[in-house]
Amino acid sequence: MSKLSVDHLLGIKYLQPGDIKLILDTAQNFKEVINRPIKKVPSLRDITVANLFFENSTRTKLSFELAEKRLSADVVNFSASSSSVKKGETLIDTVNNILSMKVDIVVMRHPNPGAPEFLSRNVDTTIINAGDGTHEHPTQALLDTFSLRQELGDIKGARVCIVGDIKHSRVALSNIFCLQRMGAEVMVCGPTTLIPKHIETLGVKVSHNIREALKWCDVANVLRIQLERQGGEHDVRYFPSIREYSQQFGINGEMISQTGKKIVIMHPGPINRGVEITSDVADSAESLILEQVENGVAVRMAVLYLLAGEIGRN
Amino acid sequence: MRPATLIDSEHLQLIIQRLCYQLIENHDDFSNSVFLALQPRGVAVANRICETLKEILPESSIRVGSLDITFHRDDFRRRDEPLAPNRTKVDFLIEDKKVILVDDVLYTGRTIRAGLDAMLSFGRPSAVELLVLVERRFSRELPISPNYIGKSVDSYDNQRVEVRLDEKGNGKVLLSTTRAQK
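Chain order of the listed sequences is C and G. Read in this note's numbering, the first sequence has 307 at position 306, and its numbers run on one by one without any break. Read in this note's numbering, the second sequence has 119 at position 94, and its numbers run on one by one without any break.
Looking at chain C on its own, in the form it has when it is part of the complex (with noise of 0.2 Å):
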């Protein structure tokens, strides 16, 4: 297989086993040419990628302004803030009229789940989903699948543990996907009003005993407490206090001494120090959180690649 079964990448439910495999077999390929004393290739020289960032993003856009950079794409960039969205623009008189500027590839991140589904539909391009608001985000299962299997040859049996806000998380739902679609076991972790209702159904574990997980797992992904998802209008709190959370969730070393085995730690940024994760786990040698984000260039110019591959073919 050396093509994708998808003309989009909205989400890894959309996914196909063979279509990760081939997104992270790819992938190894770019990290090689992303440690070559020069970090380009031709491949899009005749593409234009539009980066459009309805929500807040400093490492998924850097990564993936680096990943269309190295590719030799040519980019442009959109923030919401800064644009005639703010002005009364709907989605798709935003996205075609960009589009009319002859763009190929529009990376997107959105805050409402599903926009760049809707878009898909509606609009005559390529998209890349770059996060849509509780819903899901792609790329970062897949950095995150690749590190993985980066570290552990095979993920085939991994007993994986996604531990925090489970509810508010597009990485926690695309990581589920993607773990279980390439073998892995996977488990989730958190406060009880955290945990989606009927997560079960997803085929993952489910504890709120964060001493208890980590006996079982030997991967911990560990999640941030998405803070600006909660409150709002109706100040709906999910736990009494920061503290309270960091005392029953917060992971420490001596939690993972206990356990007596090694056990790998991911985390997809930004970290919260001392909320969900101490500075000593955080910056252990079984952490990949920097490998994380170096893979993530190369799993980006992957997909890019690859959906590349298929414009203008029909």
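None of these hints come from the bench; they were simulated from the model. Incorrect hints may have been included.
Unchecked claim - Derived SDA-like pairs (lysine to any residue); straight-line CA-CA distance at most 20 Å:
no., chain 1, residue 1, chain 2, residue 2
1, C, Lys70, G, Asp99
2, G, Lys114, C, Gln151
3, C, Lys40, G, Leu118
4, C, Lys41, G, Asp116
5, G, Lys197, G, Glu187
6, C, Lys4, G, Thr95
7, C, Lys22, G, Ala109
8, C, Lys40, G, Ser146
9, C, Lys32, G, Pro65
10, C, Lys4, G, Asp105
11, C, Lys41, G, Asp142
12, C, Lys41, G, Arg149
Unchecked claim - If the Cβ cut is set under 7 Å, some of the chain C residues that face chain G in the computed set are:
no., residue
13, Ser3
14, Lys4
15, Asn30
16, Glu33
17, Arg37
18, Ile39
19, Val42
20, Ser44
21, Gly310
22, Gly313
From the three backbone atoms N, C-alpha and C, an ideal C-beta is built for every residue, glycine too.
For this one, chain C is given, so just place chain G on it according to the hints.
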């Protein structure tokens, strides 16, 4: 039609020996020269040559890297099927070195053009030479010419030169013909 044998294993041995002595004439003990083999099939040819060179010059250290050119091709999005990339492994810098690019068959010259492009990601060599096991004459689409040739053949467009070498570079080279003349 059954494929014709262009080079059998005995003939291959002679060709490799000759190429090695031609290389030694120009590169002495290879202290300032490196081999870059183009993936996938240039690697087997380069391995065979380097093994033979080590037998002839046991004291010398011969460096070989493998170069994948998939991301540098000029037919991306133009082929029916996308190509799967291979591994690039270049553990040395080629800055100011003499580079010998190695491939199995030289046909249109487009692969070598991409190879030259990919090679420059690893530095600026002082000189670049090209070694091919089989040169298909009169079929170049780019101004590219090899410095070392195993065997030159005249062939039609509907013919295919098949280099069947194992990892160490043992095997043979066949010329097969497809029915449809382009």
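Hint-by-hint comparison with the structure:
The suggested pairing of Lys70(C) with Asp99(G) holds, with an alpha-carbon distance near 18 Å, which does not exceed 20 Å. Between Lys114(G) and Gln151(C), the direct Cα distance comes to roughly 17 Å. Compliance with the 20 Å bound is thereby established for this hinted pair. For the suggested pair Lys40(C) and Leu118(G), the alpha carbons sit about 14 Å apart, so the restraint of at most 20 Å is met. At roughly 18 Å between alpha-carbon atoms, Lys41(C) and Asp116(G) fall within 20 Å of each other, so this suggested pair holds.
For the hint linking Lys197(G) to Glu187(G), the alpha-carbon distance of about 9 Å falls within 20 Å, and the restraint holds. Using a Cα cut-off of 20 Å, the hinted pair Lys4(C) and Thr95(G) holds, with the two alpha carbons roughly 14 Å apart. Of the supplied pair hints, the one linking Lys22(C) and Ala109(G) holds, its CA atoms being roughly 12 Å apart against a limit of 20 Å. With a C-alpha separation of about 7 Å, the suggested pairing of Lys40(C) with Ser146(G) holds against the 20 Å cut-off.
In summary, the hint linking Lys32(C) to Pro65(G) is supported, as the alpha carbons are separated by about 19 Å, within the 20 Å threshold. Our distance criterion of 20 Å between C-alpha atoms is met by Lys4(C) and Asp105(G), whose separation comes to about 11 Å. Taken as a hint, the Lys41(C) and Asp142(G) pair is honoured in the structure, with Cα atoms around 11 Å apart against an allowance of 20 Å. For a cut-off of 20 Å, the pair hint linking Lys41(C) to Arg149(G) stands: about 15 Å separates their Cα positions.
At about 5 Å, the closest approach between the beta carbon of Ser3(C) and any beta carbon in chain G falls short of 7 Å, and the interface hint on this residue holds. A hinted interface residue such as Lys4(C) counts as satisfied when its beta carbon comes closer than 7 Å to some beta carbon of chain G; here the least separation is about 5 Å, so the hint holds. A least Cβ separation of about 4 Å between Asn30(C) and chain G falls short of the 7 Å threshold, and the interface hint therefore holds. Hint on Glu33(C) holds. Least Cβ distance to chain G is approximately 5 Å, under the 7 Å limit.
With 7 Å as the threshold, the beta carbon of Arg37(C) comes within range of chain G, its nearest partner Cβ sitting at about 5 Å, so the hint holds. Hint status for Ile39(C) relative to chain G: holds, with the closest Cβ pair at about 4 Å, below 7 Å. Look at Val42(C): its Cβ gets to within about 4 Å of chain G, closer than 7 Å, so that hint holds up. Using the Cβ-Cβ criterion of 7 Å, the hint placing Ser44(C) at the interface with chain G is satisfied: the shortest such distance is roughly 5 Å.
For Gly310(C), the interface hint holds, the least distance from its beta-carbon to any beta-carbon of chain G being 5 Å, beneath 7 Å. Proximity of Gly313(C) to chain G holds as hinted, the smallest CB-CB distance being about 6 Å (cut-off 7 Å).
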